[in-house]
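Chains as they are written, first to last, in my numbering: chain A, 9 to 217; chain B, 9 to 217; chain C, 9 to 217.
For the record, the hints were derived by calculation from the structure and aren't laboratory data.
Be aware that a few hints might be false.
[As the list claims (entries may be wrong)] Cut-off 25 Å, straight-line C-alpha distance, at most; resulting in silico cross-link-like pairs (DSS-like, lysine-lysine):
id : chain 1 : residue 1 : chain 2 : residue 2
1  : A       : Lys108    : C       : Lys20
2  : A       : Lys149    : C       : Lys51
3  : B       : Lys20     : A       : Lys108
4  : B       : Lys146    : A       : Lys51
5  : B       : Lys108    : C       : Lys108
6  : B       : Lys108    : C       : Lys126
7  : A       : Lys108    : C       : Lys126
8  : C       : Lys146    : A       : Lys178
9  : B       : Lys56     : A       : Lys108
10 : B       : Lys51     : C       : Lys189
11 : B       : Lys215    : A       : Lys189
12 : B       : Lys51     : A       : Lys58
13 : C       : Lys126    : C       : Lys58
14 : C       : Lys58     : A       : Lys215
15 : A       : Lys178    : C       : Lys126
16 : B       : Lys189    : C       : Lys108
17 : A       : Lys189    : C       : Lys108
18 : B       : Lys20     : B       : Lys189
19 : A       : Lys215    : C       : Lys149
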Amino acid sequence: MSLKDWLIPQDKHFFDLFEQQAEVLKQAADHLYCMIENFDDIKNMCHKMKTYEHAGDDITHSLYQLLNKSFITPIEPEEISRLATGMDDVIDAIDDTSRKMFFYDIGTTDKYMLESAKLIRLQAESLEQAVLGIRDMKNPKKISDHCIEINRLENLADDVLAVALQDLFKTNDAIRIVKFKDIYETLEFTTDRCEDVANVLGDIAIKHT
Amino acid sequence: MSLKDWLIPQDKHFFDLFEQQAEVLKQAADHLYCMIENFDDIKNMCHKMKTYEHAGDDITHSLYQLLNKSFITPIEPEEISRLATGMDDVIDAIDDTSRKMFFYDIGTTDKYMLESAKLIRLQAESLEQAVLGIRDMKNPKKISDHCIEINRLENLADDVLAVALQDLFKTNDAIRIVKFKDIYETLEFTTDRCEDVANVLGDIAIKHT
Amino acid sequence: MSLKDWLIPQDKHFFDLFEQQAEVLKQAADHLYCMIENFDDIKNMCHKMKTYEHAGDDITHSLYQLLNKSFITPIEPEEISRLATGMDDVIDAIDDTSRKMFFYDIGTTDKYMLESAKLIRLQAESLEQAVLGIRDMKNPKKISDHCIEINRLENLADDVLAVALQDLFKTNDAIRIVKFKDIYETLEFTTDRCEDVANVLGDIAIKHT
C-alpha cells in the first residue's frame with residue numbers, strides 16, 4: 009500500500025463530510041421556506057428543523073475529530089475549520105428563525121420573510137455547488153462564480169430587510185415590531201453567515217486558480 | 009541550566025494565567041447568581057462585577073504579552089489566543105447582563121434569569137476543572153467529559169430561553185418585553201460563549217488522546 | 009534585479025491598501041458625525057455612506073486577492089487577514105448606524121448619538137495613525153499608544169451607552185425605545201470593532217518592540 013493510497017481515503021472523508029453538511033444546510037433552507045410559505049403546524053415544523061440542526065452538529069463534530077487526528081489534510085486545516093464552523097453557523101441561524109417564529113407566536117408570516125427565505129434557499133443551492141467543486145478543483149472559476157452569486161444574494165437580502173423595517177415601523181404595534189424586527193434580522197443574519205462561507209470557499213478557489 | 013529548565017517556567021506562567029482567568033470567570037458567575045437571587049443594592053453589585061471584568065481584561069492582556077514574547081509555547085499559539093479571548097468574552101457577557109439589569113431598572117428578576125444564571129455557574133465550574141486539566145494533560149478524557157457537560161448545559165439554556173420568551177410574550181407590556189428579552193438573550197449568549205471555550209479545550213484535549 | 013527588489017513592491021502594495029482602507033474608514037466616521045450633527049437630507053447622506061461601504065469592500069477584496077497570491081508577506085498572513093476583515097467590519101458597522109437612522113425614520117438625533125459618533129471619529133483618527141506606523145515600524149511604542157487610546161475611547165463609549173439607555177427607559181414610548189436602543193447599541197458596537205482592530209495592531213507592534 010503506497011503512501012498515496014493511504015492518504016486518499018482520508019481526503020475523501022473530508023469532502024464526503026462537507027458535502028453532507030452542505031446537503032443538510034440545503035434541506036434546512038428548503039424546510040424554512042416551506043414553514044414560511046404555509047405557516048401551519050408550526051410546532052412540528054419547528055421540531056423537524058431541530059433534527060437538521062442536530063444533524064449539522066454531528067457532521068461538524070465529525071469534521072473536527074477528523075481534523076484533529078489528521079497529519080495531512082487536502083486543504084489547509086484553518087480552512088477546514090472555518091468551512092465546518094461556517095456551515096454550522098448557517099444551519100444554526102436557520103434554526104433560530106424557525107424557533108423564533110414558533111416562540112413569538114406571530115400568527116402569520118409575510119412577503120418579506122418569504123422573500124428572505126427564498127434568497128437563503130438560493131444561497132444554499134449555490135453553496136452546495138461550490139462545495140461540490142472543491143473536491144477535484146478542476147474548475148476554480150466556477151466555484152468563484154457561485155461565491156459571487158452568494159454575495160449578490162446577500163446584498164438583495166439587505167435591501168429586503170431595509171424595506172421590511174421601513175414598512176414595519178409604519179405600524180404602532182410595539183410588540184409586533186419587536187417580534188417581526190427580530191425575525192427579519194435573523195433572516196438577514198443568515199444570509200451574512202452564508203456570505204462568510206462563500207468567502208472561505210472563494211479563498212480556497214483562488215489558491216487553485 | 010538545561011534547555012528544559014529554561015522552558016518550564018515559561019509554560020508554568022501560561023497555565024497560571026489560564027487558571028487565574030478561570031477563577032475570575034467563576035467568581036463573576038457566582039456573583040451574577042447572587043445578584044439575580046437577591047436583587048438588592050444593584051448599583052453596588054454591578055460596580056463589584058466591573059472589578060471582575062477589569063481583572064479578566066488584565067489577565068487576557070498578560071496572556072497576549074506573554075504569547076507575543078514567547079518562542080516556544082506549551083500549546084499552539086492559536087489555541088492560547090482562542091482560549092484567552094474566549095474566557096474574556098464569557099466574563100464580558102456576564103458583566104453585560106449585570107449592567108443591563110441595572111440600567112434597565114427592571115425592579116425584579118424572575119425564575120428564568122435565576123435558572124440561566126445557575127446553568128452559567130455550573131458551566132463555570134466545569135470550565136475551571138477542564139482548565140486545571142490542561143496543565144499536565146494526564147487525563148484528556150476527563151477534560152473532554154467537562155466539555156461535553158458544558159455543551160449539555162448550553163442546550164438546557166436554549167430551552168430556558170425558549171420557555172422564558174414564550175411566557176414573556178403573553179404580557180402586553182412592550183417595554184417590559186424589550187428589557188426582559190434583552191436580559192434573557194444576554195444570559196443565553198453567555199452560555200454560548202462558554203461553549204466556545206469548551207470547544208477550544210476539547211480541541212486541545214483531543215490532540216493528547 | 010535582486011530578490012529584495014522583487015519583494016519590496018509587493019510589501020508596499022499591502023501597506024498602500026491598508027492606508028487606503030484606514031482613510032475610507034476615517035471618511036465614513038466623519039460622514040457619520042456630520043449626519044448626526046445636522047440630521048438633514050438623510051436619504052442622500054445615507055446613500056453617500058453606502059459609497060464608503062462599497063469602497064471598503066473593494067479594498068478588502070483587493071487585500072485578500074493580494075494575500076492569496078503572495079508567497080512572502082511583510083506581516084503574518086493571519087494578521088493581514090484580521091486587519092483587513094477588522095477594518096471592513098468597522099466600516100460596515102458605521103454604515104449600519106447610517107441605514108438604521110434612515111429606515112427607522114427617527115426624526116431627530118440626540119446628544120448621546122453625537123457623543124458616540126465623536127468617539128468613533130477619534131478612534132478612526134488614532135487608527136489611521138497606527139496603520140501609518142506599521143509600514144516602517146520605526147516606532148512601535150507610538151503604535152501601542154494609539155491602540156491604548158482606542159481602548160480608552162471604547163470604554164468611554166460604554167459609559168455613553170449606559171447613560172443613554174438609562175435616560176431612554178425613562179420614556180414610555182416603546183417604539184422610540186426599540187429604535188433608539190438599536191441605534192445606540194450599533195454605535196457602541198462600532199467602537200468595539202475599532203477596539204478589535206487596535207488589538208491586531210497592538211499584536212503587530214509588540215512583536216517589533
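Which earlier hints turn out false for this structure, listed by number in ascending order?
1, 2, 3, 4, 7, 8, 9, 11, 12, 14, 15, 18 and 19
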